[in-house]
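Chemist: Listed here are the chains, written in short residue letters.
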Amino acid sequence: MGSLFGDWPSFDPHNFSHFRPSDPSNTSKMTPTTYHPTHSRTLPPPDQVITTEAKNILIRNFYRRTEEKLRPKRSASELLNPDHGSKQPRASASVTDLSD
Amino acid sequence: MFRSSNVAARVFERQIRTPPPGTSVHSAREFYENLVPSHTIYDIECPDHFFRKFTDDGQFLISFSRNQQELIVYRPRWLSFSCREEDCNHDLPPKARRFDSFFTQQSCVSLASSNELIFKDFFLYMESNQFGIFTSTTPPIHDAPAFEGAIPGVPLVEKITFYLIRLENGDILDKKVFHNDFVNLSHNMGVFLYDNLLAIVSLRFQTIHILQIRESGNLVDVRAIGLFCREDDELFLNSNAQRIHSLKKKFFFHFQDYVDLIIWKVQFLDRHHLLIKFGSVDGWLSRNADHHPAFFAVYNMETTEIVAFYQNSSEELYQFFEQFCDHFHVASGTPLYMRFISSQSNNIHALEQLKSIKAKANSFPQFVKKMLGSVAYTCQSQSPSPYFDQSLFRFDEKLISATDRNRLSTDHPIKFITRRRPCTLKFKIKPGPEAGNADTRTKRISFLFHPFLPLALSIQQTPYLQPSVNIHFRR
Numbered sequence: 059m060g061s062l063f064g065d066w067p068s069f070d071p072h073n074f075s076h077f078r079p080s081d082p083s084n085t086s087k088m089t090p091t092t093y094h095p096t097h098s099r100t101l102p103p104p105d106q107v108i109t110t111e112a113k114n115i116l117i118r119n120f121y122r123r124t125e126e127k128l129r130p131k132r133s134a135s136e137l138l139n140p141d142h143g144s145k146q147p148r149a150s151a152s153v154t155d156l157s158d
Numbered sequence: 151m152f153r154s155s156n157v158a159a160r161v162f163e164r165q166i167r168t169p170p171p172g173t174s175v176h177s178a179r180e181f182y183e184n185l186v187p188s189h190t191i192y193d194i195e196c197p198d199h200f201f202r203k204f205t206d207d208g209q210f211l212i213s214f215s216r217n218q219q220e221l222i223v224y225r226p227r228w229l230s231f232s233c234r235e236e237d238c239n240h241d242l243p244p245k246a247r248r249f250d251s252f253f254t255q256q257s258c259v260s261l262a263s264s265n266e267l268i269f270k271d272f273f274l275y276m277e278s279n280q281f282g283i284f285t286s287t288t289p290p291i292h293d294a295p296a297f298e299g300a301i302p303g304v305p306l307v308e309k310i311t312f313y314l315i316r317l318e319n320g321d322i323l324d325k326k327v328f329h330n331d332f333v334n335l336s337h338n339m340g341v342f343l344y345d346n347l348l349a350i351v352s353l354r355f356q357t358i359h360i361l362q363i364r365e366s367g368n369l370v371d372v373r374a375i376g377l378f379c380r381e382d383d384e385l386f387l388n389s390n391a392q393r394i395h396s397l398k399k400k401f402f403f404h405f406q407d408y409v410d411l412i413i414w415k416v417q418f419l420d421r422h423h424l425l426i427k428f429g430s431v432d433g434w435l436s437r438n439a440d441h442h443p444a445f446f447a448v449y450n451m452e453t454t455e456i457v458a459f460y461q462n463s464s465e466e467l468y469q470f471f472e473q474f475c476d477h478f479h480v481a482s483g484t485p486l487y488m489r490f491i492s493s494q495s496n497n498i499h500a501l502e503q504l505k506s507i508k509a510k511a512n513s514f515p516q517f518v519k520k521m522l523g524s525v526a527y528t529c530q531s532q533s534p535s536p537y538f539d540q541s542l543f544r545f546d547e548k549l550i551s552a553t554d555r556n557r558l559s560t561d562h563p564i565k566f567i568t569r570r571r572p573c574t575l576k577f578k579i580k581p582g583p584e585a586g587n588a589d590t591r592t593k594r595i596s597f598l599f600h601p602f603l604p605l606a607l608s609i610q611q612t613p614y615l616q617p618s619v620n621i622h623f624r625r
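Protein chains in written order, with the working numbering: chain R, 59 to 158; chain Z, 151 to 625.
Honestly, the hints are just simulated from the structure, not real lab data.
Given the structure is predicted, the values throughout are model-derived calculations rather than measurements.
Note that beta-carbon positions come from the ideal geometry of N, C-alpha and C, so glycine has one too.
It is possible that part of the hints are untrue.
Only pairs whose alpha carbons sit at most 30 Å apart, straight line, appear in this in silico DSSO-like list of lysine-lysine [stated by the list, open to error]: (1) K548/Z with K580/Z; (2) K309/Z with K325/Z; (3) K520/Z with K548/Z; (4) K576/Z with K245/Z; (5) K548/Z with K578/Z; (6) K245/Z with K565/Z; (7) K508/Z with K127/R; (8) K578/Z with K203/Z; (9) K510/Z with K565/Z; (10) K127/R with K519/Z; (11) K245/Z with K578/Z; (12) K127/R with K505/Z; (13) K113/R with K520/Z; (14) K270/Z with K520/Z; (15) K548/Z with K576/Z; (16) K309/Z with K203/Z; (17) K113/R with K505/Z; (18) K127/R with K520/Z; (19) K519/Z with K113/R.
If the Cβ cut is set under 7 Å, some of the chain R residues that face chain Z in the computed set are [unchecked claim]: (20) N114; (21) L116; (22) I117; (23) N119; (24) F120; (25) Y121; (26) T124.
Computed footprint of chain R on chain Z, listed as stretches where at least three residues anywhere in the stretch have a Cβ under 8 Å from a Cβ of chain R [stated by the list, open to error]: (27) 419-425; (28) 448-459.
Looking at chain R on its own, in the form it has when it is part of the complex:
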């Protein structure tokens, strides 16, 4: 039969006997399965722009650690006053020992 595989050797000549090569005149009944999301929780925000971070990982870490050291002072003061509406950062009243 006019197989795609032609006269290629095969262990068993009955292999691929059911194979019918795709014929342009036959429309294929196979459509690939498509998947649709059932929710929209994971959609990116419509204005999202993905760019490369300009700072390399080392410099990013330097900035991040510095910011982390600033943050505990603010969050500690917020914990003390959970109803405090305003978000003004307050320097902590107590002197905390910062490790390097």
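Starting from the known structure of chain R, arrange chain Z on it as the hints suggest.
Modeler: Chain Z alone, transformed into the frame defined by chain R:
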């Protein structure tokens, strides 16, 4: 899976098999296990020059005349010869012993005149344009009085000239002169080249000069950063991010230490950020940083903010150094093959070696201080030669390493053994005469490895004598 180490088998493998993603350089480098500089010609006849370095792209060999007033640039080439006999298995011809069989002179430029001398330990290369940066200085004056805002104790040099030279033809493109100043030129330590930005630390005036090297060959001043070491409150206001609260307690106790800090060394972390190393004047003069505290600041040149500030005992800074070592070393414009110099962040053997030093250390804080002693990095101080790749070869790092330093000479050949099983000895580098040294005077050796050819020079210096140069290559 068994993989043959036979070179023909490897070439065939390369034809039929794609290497794992992202490992093209590593796969290509495996051929360096097969092509090694195993043949040595001892004491070749060469001109009496100071041979400094191969440029990192392998195009040139930089050397200086014995009187330190001329720069001589050579092009490496390969020894070739022909013979008429059918069975050509005899020794190399006599011309193999000559330097000019391996190198052709490309250019010769006179840089220094009268009482100036070229500083032979200083050389920086800008690969994109094949520009070389050299310096010449007048003799230093020690115990110079501190005037015009200079730091006392730092020596004075009347004239330091930086030259920008096109190596292909020896044209001097531009110069930058510093008067009555001091820059630590030894092994490039006081200067850092990042892409086309040059940072020069004036130790005497405590200023970091940033220059840009234009394509046209001009050296252009970009900015000068003077951190006021005596006006220390300004320094700490900028770094209020971390230190203010803890320093309220410690501030007055340690104030004197901070007031006396001077800039020791600088490196670029990227185009906008500098890593500045501070220490005391005494610590810099004594050259033994172990007993003197040192500090590091990450400085953003655009916002003029100090982003982070650490002491040299900081475990956090050490963690960054262990994990992100390569980010201290590499400039963004660096070509691909320069990014494969073995370090603890990119090589498991280097990391294991570091961990074993850590395990043997008496105390972790001492270990941290010792490791952070090598931060800030000195640019272009390591050879990119694959023979120093820790994944390919094992060798005694006390005798030879990628770092560009001269060492005490040893009569024993230095062995390079493959990491891959079976761990065989592939080649040996033996500096000095073949029969060993007759006299027992202290000698120093330096190694110049070509960045990608199986070619290396080992130079043994005896005081007051012409150095003995051996050439190691693949025959």
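Chemist: Work down the list of hints and note, for each, if the structure agrees.
Modeler: Against the structure, the hints:
1. K548/Z with K580/Z: Given pair K548/Z, K580/Z holds - Cα atoms ~15 Å apart, limit 30 Å.
2. K309/Z with K325/Z: Cα-Cα ~12 Å, so holds.
3. K520/Z with K548/Z: holds (17 Å)
4. K576/Z with K245/Z: Holds, at roughly 26 Å.
5. K548/Z with K578/Z: holds (15 Å)
6. K245/Z with K565/Z: holds (28 Å)
7. K508/Z with K127/R: holds (28 Å)
8. K578/Z with K203/Z: holds (21 Å)
9. K510/Z with K565/Z: Since the Cα atoms of K510/Z and K565/Z sit roughly 25 Å apart, the hinted pair holds (cutoff 30 Å).
10. K127/R with K519/Z: Holds, because 23 Å separates the two Cα atoms, which is no more than 30 Å.
11. K245/Z with K578/Z: The given pair, whose Cα atoms are some 23 Å apart, holds under the 30 Å limit.
12. K127/R with K505/Z: holds (29 Å)
13. K113/R with K520/Z: Holds - the C-alpha atoms of K520/Z and K113/R are around 28 Å apart, at most 30 Å.
14. K270/Z with K520/Z: holds (28 Å)
15. K548/Z with K576/Z: holds (19 Å)
16. K309/Z with K203/Z: holds (25 Å)
17. K113/R with K505/Z: Holds, at about 29 Å.
18. K127/R with K520/Z: holds (26 Å)
19. K519/Z with K113/R: Between K519/Z and K113/R the Cα gap is close to 27 Å, so the pair holds against 30 Å.
20. N114: holds (5 Å)
21. L116: With a minimum Cβ separation of about 4 Å from chain Z (threshold 7 Å), the hint on L116/R holds.
22. I117: Holds: closest Cβ of chain Z sits about 6 Å from I117/R, inside 7 Å.
23. N119: holds (6 Å)
24. F120: holds (4 Å)
25. Y121: holds (6 Å)
26. T124: Check passed: Cβ of T124/R comes within 4 Å of chain Z, closer than 7 Å.
27. 419-425: Holds, because 3 residues of the region 419-425 of chain Z bring their Cβ atoms closer than 8 Å to Cβ atoms of chain R.
28. 448-459: As far as the region 448-459 of chain Z goes, the hint holds, because 3 residues have Cβ atoms under 8 Å from chain R.
Of the hints listed earlier, there is not a single one the structure fails to meet.
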